[in-house]
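In the order they appear, the protein sequences are chains A and B.
The first sequence maps to residues 1 to 354 in full-length UniProt numbering.
The second sequence maps to residues 1 to 268 in full-length UniProt numbering.
Mixed in with the good hints there might be a few duds.
As the list claims (entries may be wrong) - Derived SDA-like pairs (lysine to any residue); straight-line CA-CA distance at most 20 Å:
| # | chain 1 | residue 1 | chain 2 | residue 2 |
| --- | --- | --- | --- | --- |
| 1 | A | LYS218 | B | ALA40 |
| 2 | A | LYS218 | A | ALA333 |
| 3 | A | LYS137 | B | GLY139 |
| 4 | B | LYS65 | B | GLY139 |
| 5 | A | LYS137 | B | LEU170 |
| 6 | B | LYS239 | B | LEU126 |
| 7 | A | LYS218 | A | ALA21 |
| 8 | B | LYS65 | B | GLY48 |
| 9 | A | LYS137 | B | GLN63 |
| 10 | A | LYS218 | A | SER90 |
| 11 | A | LYS160 | B | GLY139 |
| 12 | A | LYS160 | A | GLU60 |
| 13 | A | LYS184 | A | GLY144 |
| 14 | A | LYS336 | A | VAL298 |
| 15 | A | LYS336 | A | LEU352 |
| 16 | A | LYS137 | B | LEU190 |
| 17 | A | LYS129 | A | THR98 |
| 18 | A | LYS137 | B | LEU193 |
| 19 | A | LYS137 | B | ASP53 |
Hints in this document: simulated from the structure, not taken from any laboratory.
Owing to the predicted nature of the structure, the values given are computational and were not obtained by experimental measurement.
Given next are the chains, with one letter for each unit.
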Amino acid sequence: MTDEVTISARNVVKAFGQGNAAVRALDDVSLDIRKGEFFTLLGPSGCGKTTLLRLIAGFEMPTEGTILLDGADITTLPPNRRPVNTVFQSYALFPHLTVAQNVAFGLQMLGRPAPEVKATTERMLALVKLEAMAGRKTSQLSGGQQQRVALARALAPQPKVLLLDEPLSALDLKLRKEMQVELKRLQTETGITFVFVTHDQEEALTMSDRIGVMSHGKLQQVGAPRDIYTRPVNRFVASFIGETNFLSGVTEGAGVRLPVGAVVPVDSPRAGTVTLAVRPEHVRIVAPGEAGAIPATVTGSVYFGTDMNYQLALADGTEIEACVVSGVTGEGALSKGEQVGLRFTPGAVQVLED
Amino acid sequence: MARARDFSVTELPGATLVSMLVFVALYAPILVLIVYSFNAGESVAVWGGLSLDWYRAAWANDQVKEATWVSLKVATGAAVLSTALATMAALGTTRRPAFRGQTFVYVMINQPLMVPEIVTAVALLLVTAAIKKATGYTGLGYLIVAHAAFCIPFAYLPIRARLEGMDLTLETAAADLYASRWQTFRRVTLPLLMPGILAGAMLAFVTSLDDVVITEFIKSPGQDTLPTYMLGQLRRAMKPDVNAISTLLLALTLVLLSAFFLLTRKRK
């Protein structure tokens, strides 16, 4: 992976409909995707992530803005003239062709000589471990196998960018985990830039080099998985990725005073009323009355196997969730109504923009 | 959970009896026709023993052979022409965003199903007579074009159904894989549409084969098709070879309709 930019979206707007009824699926999105990276567009359905993917593929034209590929403007280029291939959510395999014919399709359309088409098709089928299925009709394959044919077909023409539109959503959990590893392997082996669209935050965190979090047609934050998780820039990103406790308070010196009176020390304070975000695993439960600890009452607990989740309430009723590693025999388990103290892991408290 | 029982017509009194009577009314005459086509007697409707005489008689009759030949030529030409036009019409009405007057266009394409056939026949007679006079051409072209005109809706409906049922993502995928518009049509849309096109062509063929009214009005002398030949026989003394020809026509139609059914039924 280098710092060289492959795909660049500049002030892209995509509106559907006319006049007052127009809906902005993408609202002034600017984004650079680097050569050879595994980039994920993450967001809830309707956030515009698939629209952005379709604009890069050329299936839609932006209302405003430009899209560059390796520095060249491809905004109005039709899909068949872009060195970009797509793995569709529904796979969209050609039902009248065999597995090998599907994989060979792109190369044939590019007018590559027959021996090259044959060799590349075989190489691609080997890459996705489907050599034995070459002569089958796609309807005779399982969902996971169809997924791999779709991948091989899209990778065969060696595109500069591979676009993946929620390709794992139709698979069951076990197969999805396998395909996550498989996708990462293919990306590393081929060195092709992957742009992956998903609404599954776990998928995004585990597979991506960088993630772009989207909401309401806008790009909320772009960064490495760790950045996104540990330093979300706003409430949306903090709540969409992982579980988060939100606390409002007023800045006071190097900390934020909560309505219950306690002062939480923060790294980068900003003036006025702010929102603090703390992950449940950064909430530590200590003895009640310990110096600096915020008094709280246990209101409930859920056992998750590896972890134990406690619901707690501050004196003013603010709810907080704490996640602790569960003990083997249930030692130290807290019961409902118990009085405790809370501390936040130093450096883990984020001060949010809004 | 108690679930309300669905209404079923079979529980109505006499439902079974009525449906059986309907089937008898539909198929008994045809059955009688088939049986009498194997009649040994001279009369159309008096049984004189079992034989294949009338099939032999029909086979030996040059007029029947000639009429069969004309029927097949006209039906084939009409099926090819109407299917080609219907395919274009189906593409034109499905592969584009909804447009003003869409319903009107559908009605226009399907109008031959609605307009009384005799009206179409008279109208076509006027036009063909004028063209015949102007050009002097008296070949089978008139019949082929006239048949194609009323066969279009029969070919159009299965083709359009197939197009509407097709996953548009497949065409998008083809474009994504560097296929031009023409290549996408040729390599993806057309092969997937083929069962619909064949089904449409068969329906058109059967419809043309069966036509009497329009053919009777349009045909030039010596252009009898099988149905108009048989109609002509009716005016003289009808011979049982008509039964044999009808049975053969029925057999051909059944074969084509079975093929249509196999082509259009849903996979899996």
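Going through the hints against the structure:
no.	hint	result
1	A:LYS218 / B:ALA40	violated (86 Å)
2	A:LYS218 / A:ALA333	violated (43 Å)
3	A:LYS137 / B:GLY139	violated (48 Å)
4	B:LYS65 / B:GLY139	holds (18 Å)
5	A:LYS137 / B:LEU170	holds (15 Å)
6	B:LYS239 / B:LEU126	violated (34 Å)
7	A:LYS218 / A:ALA21	holds (19 Å)
8	B:LYS65 / B:GLY48	violated (26 Å)
9	A:LYS137 / B:GLN63	violated (50 Å)
10	A:LYS218 / A:SER90	violated (26 Å)
11	A:LYS160 / B:GLY139	violated (60 Å)
12	A:LYS160 / A:GLU60	holds (19 Å)
13	A:LYS184 / A:GLY144	holds (16 Å)
14	A:LYS336 / A:VAL298	holds (5 Å)
15	A:LYS336 / A:LEU352	violated (31 Å)
16	A:LYS137 / B:LEU190	holds (18 Å)
17	A:LYS129 / A:THR98	holds (16 Å)
18	A:LYS137 / B:LEU193	holds (17 Å)
19	A:LYS137 / B:ASP53	violated (51 Å)
In summary, the numbered hints that this structure violates are 1, 2, 3, 6, 8, 9, 10, 11, 15, 19.
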